[in-house]
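Colleague: Below are the chains, spelled out letter by letter.
Protein chains: 2
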Amino acid sequence: MNHFRNEDALVKGIARHFLPHRSHRLRLGIGDDAALWKPTPGFVSILTSDWFLEGSHFFRTKHPPDSVGWKCLARAASDIAAMGGTPGCFLLNLALPPDTTGKWLKSFLGGLHRAARSLDCVLAGGDTSRSRRILINITVIGEVQEGQEVLRAGARPGDVLCVSGRLGEAEQGLRLLRETRGRVNQKNEAIGKHLYPQPRVALGRWLAQRDLASAMIDLSDGLSSDLGRLCRASGVGAWIDAGKLPLPRGTDRLESAQQLALHGGDDYELLFTVSRRKVASLPATFRKLELTQIGKITKGRTMRIVGKDGAEEPLRAAGWDPFR
Amino acid sequence: MNHFRNEDALVKGIARHFLPHRSHRLRLGIGDDAALWKPTPGFVSILTSDWFLEGSHFFRTKHPPDSVGWKCLARAASDIAAMGGTPGCFLLNLALPPDTTGKWLKSFLGGLHRAARSLDCVLAGGDTSRSRRILINITVIGEVQEGQEVLRAGARPGDVLCVSGRLGEAEQGLRLLRETRGRVNQKNEAIGKHLYPQPRVALGRWLAQRDLASAMIDLSDGLSSDLGRLCRASGVGAWIDAGKLPLPRGTDRLESAQQLALHGGDDYELLFTVSRRKVASLPATFRKLELTQIGKITKGRTMRIVGKDGAEEPLRAAGWDPFR
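First to last, the protein sequences are chains R and V. Everything in the first sequence is counted per this note's numbering, starting at 30 for the first residue and increasing by one. Everything in the second sequence is counted per this note's numbering, starting at 30 for the first residue and increasing by one.
It is possible that part of the hints are untrue.
Copies of the same chain are indistinguishable here, so a pair counts whether it falls within one copy or spans any two.
Once the Cα atoms are required to be at most 25 Å apart in a straight line, the calculated SDA-like pairs of lysine to any residue come out as [claimed, not checked]: (1) 273 <-> 308; (2) 41 <-> 285; (3) 41 <-> 294; (4) 317 <-> 278; (5) 41 <-> 288; (6) 135 <-> 212.
Hints were generated in silico from the structure; no laboratory data involved.
Isolated chain R, as found in the complex:
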């Protein structure tokens, strides 16, 4: 793809990139004032938007453009997964410096297209502009059958607290990425998880359809921060067994592994609660993905963590926050 002489040419170039990927529900895509999307009768629409900004969420010198494309859609789709829904289409808002409309953009669109196909989420529209830094905002429209949506607010004292996958690996990957000079080894598991997170859409839907999860949130900013949000929304507290945390592999010191698992961001795993009555129906793995019971929901509105020695400590929200 070459540089573009004007906005219409850029938009056309982007649209062409996504052409083979369609949906009969997208009645009208790029090229009009707005897109037309046909919702499924009996479903509610799920709406979510996410920033992905150069200098805050990614660095042009560190993150391959292909990963930026993948990740900006994957993380927005993760919010849909956390409601128990399915992504349908997305709006891509791109503001680009002139020197990124060539090779960088082509590779970015490649990664975005792969994510879109993998999620079965079609490009419906968006907006383009110029900027000094690369600015990305993605809106995803998903849906869930009415009554099956899983909120943050449904956790009750006694519910078992569960997570998918391993925690802290993406943060570990980010640290490795920062330390690396030159090309990064994308085959490293932690780096791969940081660059190409897999939103847990199938798991979220499965839990919602079976009415297994009483509350759910995706882990984007770190367990301690996101658990705090789930607890506040539900008006409850939580108690975590440190020994049960699915720690990242490849860290020597237990303590630092635990810190990564508690406060590391960008995992895009699902954190959910299951009532004691239903927890026997929860398998240990879902399509090879580990599901781990890490603690329980408590009545007292605090978060506490208990170590192997049995000592209990308060758990403070210390995940990622752009305003801190």
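Given the coordinates of chain R, work out where chain V should sit on it, guided by the hints.
Modeller: Positioned in the frame of chain R, the structure of chain V alone reads:
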């Protein structure tokens, strides 16, 4: 509103600002992973996103924050109007420098809230982040009864070309704003139109419901650019009678008024085509808003303009383009 200690507090502050304004169709607003919106059966969703960036779309020193809030939503809603639809809810994406989270934000949210109420478009969600410049992206979800949507692509040779309101006034207002030192006179009509555009939602819906418009687009970048888009989408050309253009008031020279009307951006009026058979049903005004027949659609795929002396000239797209 005070400064915020973290992202959750900022989001809460924004949500509180919009609290009295609700919709029974918004099943879940700010505070979960995503919003839940119930579409009306038999309608299609209309999706649109727009950038509104400091330094490109507005200037912190020139544009009152209240106007930035009003306009960022109004212009996105204008895209919904251009499809013949009605806005329903919106997602607000804000990235702010720390020194704007106090007074600036409060005034911005005031203007945004007024626009939201006037459009009956409720805040459903969004994302916040930090940035060196103020970055705004707005997604509006609207809807239109299936089959009533008006596309850019429906214009046929012989159709009459019509516009609402006066053209070029917003551009004139921008120029006055640029020339003004200190506080601007917001009561000046042109400045008012630049700062607080009125998307033509009622007109767009009325045209769509009566099946009067064969094609429609909103005038955001200027008549010459947006007419070009409508023509390309429809595979037609257009012929404009310069003497019929609804020129901005208060310009001394006819020539410059005409240039403003042809190429000035930000009017957010509707440009639409009506078949000859139906044009007699089109009133001269719609709720006090002038509707003017300015030309016609032609078979030859060029845009031409004829002056008072009868001389015809080609019309080149010369409206606003961020990449030019």
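Colleague: Could you run down the list of hints and mark each one as holding or not?
Modeller: To see whether the hints hold, each was checked on the structure:
1. 273 <-> 308: within (16 Å within a copy, 73 Å between copies)
2. 41 <-> 285: This pair counts as neither: shortest intra-copy Cα distance 48 Å, inter-copy 32 Å.
3. 41 <-> 294: between (35 Å within a copy, 21 Å between copies)
4. 317 <-> 278: For residue 317 and residue 278, the Cα distance is within 25 Å only inside one copy (17 Å; across copies 69 Å).
5. 41 <-> 288: Neither way: residue 41 and residue 288 sit 46 Å apart in one copy and 28 Å across, limit 25 Å.
6. 135 <-> 212: For residue 135 and residue 212, only the intra-copy Cα distance (19 Å) is at most 25 Å; the inter-copy one is 45 Å.
Hints 2 and 5, counting from the list given before, are not met by this structure.
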